[in-house]
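J.: Chains as they are written, first to last, in my numbering: chain A, 1 to 215; chain B, 1001 to 1222.
Just so you know, the hints here were simulated from the structure itself, not pulled from any lab data. Certain hints may be false.
To be verified - Keeping only pairs whose Cα atoms sit at most 30 angstroms apart, straight-line, the calculated DSBU-like set for lysine-lysine is:
(1) Lys1145(B) / Lys1118(B)
(2) Lys1055(B) / Lys1137(B)
(3) Lys211(A) / Lys1055(B)
(4) Lys1118(B) / Lys211(A)
(5) Lys211(A) / Lys1145(B)
(6) Lys1137(B) / Lys1118(B)
As the structure is a computational prediction, the values presented were derived from the model and not from experiment.
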Amino acid sequence: MIEFTFWDIVRNLVFATRWTVLLSAVAFAGGAAVGLMILFARISKQKWLRRFGSGYIALFQGTPLLMQLFLMFFGLPMLGFRIEPWTAAALGLTFYASAYLAEIWRGGVEALPLGQWDAGASLGLHRLQELRLVILPQAFAITRPPIVGFLVQLIKSTALTSIIGFEELLRTANAINNATFEPFTVYGLVAVIFFVLCYPLTQYARMLERKIPAH
Amino acid sequence: MGYSLDFGWLRDAAGAIAHGAAMTLFLIACTTVLGILISILFAAARRSRYGVLRKAVAVYVEVIRNTPFLVQLFFIYFGLPSIGIRLDPIVAAILAMTLNMAAYTTEIVGAGLDAVPKGQGEAAYALGLRPRQVFVKIILPQALKVIFPALISQVIIMMLESAVVSQIAVRELAHEADLLQARTFRSFETYFVVTLIYLALSMAIRRLFVAGGRRVLGAGVS
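Okay, chain A solo, but in the shape it has when bound (with noise of 0.2 angstroms):
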């Protein structure tokens, strides 16, 4: 039997930590992208493409996670792709987070005035150019701070990945109680290494709440 000394835990849980953080910023990345079309469609002009866009976030919310993820690494096989539980856990936390980001941009981009809009129009941009250039960085800057909420609510997601076979933080913290039977010292410190990624982040957040008036 192999002897796990503290600071053999501690080290192989930190290096595990890197798949939690690569995952977390892919997931942010890919569903700020998806997110960002699924944003076009709920504000569109289209009323079928509105409909769409809030029946994706409706539906990405009112769903479990866990059940997502599942769907991913069970269904996308389905479809005749080779898929391993890195894709399906990129994958399936890309489409959650896009619904989120979405509904938060949405919710930016309604907090401005109409007359943004008009003022846009009389300088004769097109709808394309009037998001690109005055509507979306406004929406954006006033949406940072839910922004940046989100994203420790995604890194703790990921979490969730372990349960369909990911190697990440937690599926490691996993295989060492089972080697060591320590799940008080191991999963407490999974619990801080956790702590330690998010706490500045939800104190970011906080301090951007307070930097950025309230419309």
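Chain A is already provided as a structure; the job is to place chain B on it using the hints.
T.: Chain B alone, transformed into the frame defined by chain A:
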């Protein structure tokens, strides 16, 4: 290729799925009641005269909000037995869910309490009500009315997150799905059906709360 969907297993599985859904509803019902009671206490403690109490609640809220629910669940179910606290899976699940939800609802309830104008309490005191009566009869109902939508959302988020308690073998909806797909080998179809049931549950809970809220707290609840 050529995979065809098959829902033939559904007829025999309906009982198990219904049983799982009932367990999920039971868990969230317990959590809602306990969680809201605790968060009223904690929100009051956060505004008390005692600095220690204020600090303790603040630390609790930060720790829970900055760690994943699944880790909290594992810590409670697997970690606590090594210091002599052994819990039944269902008890562990309700404890973890309650502690998790209360960290969020404490903030919400607190914001509601702060939103009630000071004059309301002062007026009640002037009428000769005792402090507890002022809190329960004057402040709390007004605060609840303001925060009701936020509370409903939090309950639904917790209901959806409760799917992970399947990992400590509580036989709720997600766990029934795990068992079913292991038996039928129809993984995608099983999780698809169960996901739709979660969606229906979250819509039903919202309707139920809005209707109940209108009746108890009066009009203007959305």
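J.: Indicate, hint by hint, whether the structure satisfies it.
T.: Hint-by-hint comparison with the structure:
1. Of the supplied pair hints, the one linking lysine 1145(B) and lysine 1118(B) holds, its CA atoms being roughly 16 angstroms apart against a limit of 30 angstroms.
2. A C-alpha spacing of about 28 angstroms is found between lysine 1055(B) and lysine 1137(B), which places the hinted pair at or below 30 angstroms, so the restraint holds.
3. The hinted pair formed by lysine 211(A) and lysine 1055(B) meets the criterion: a straight-line CA distance of about 24 angstroms does not exceed 30 angstroms.
4. Proposed proximity of lysine 1118(B) and lysine 211(A) is supported: the alpha carbons are some 26 angstroms apart, at most 30 angstroms.
5. For the hint linking lysine 211(A) to lysine 1145(B), the alpha-carbon distance of about 29 angstroms falls within 30 angstroms, and the restraint holds.
6. Only pairs whose Cα atoms come within 30 angstroms are accepted, and lysine 1137(B) paired with lysine 1118(B) is accepted, the gap being roughly 15 angstroms.
Violated hints: none; the structure is consistent with every hint.
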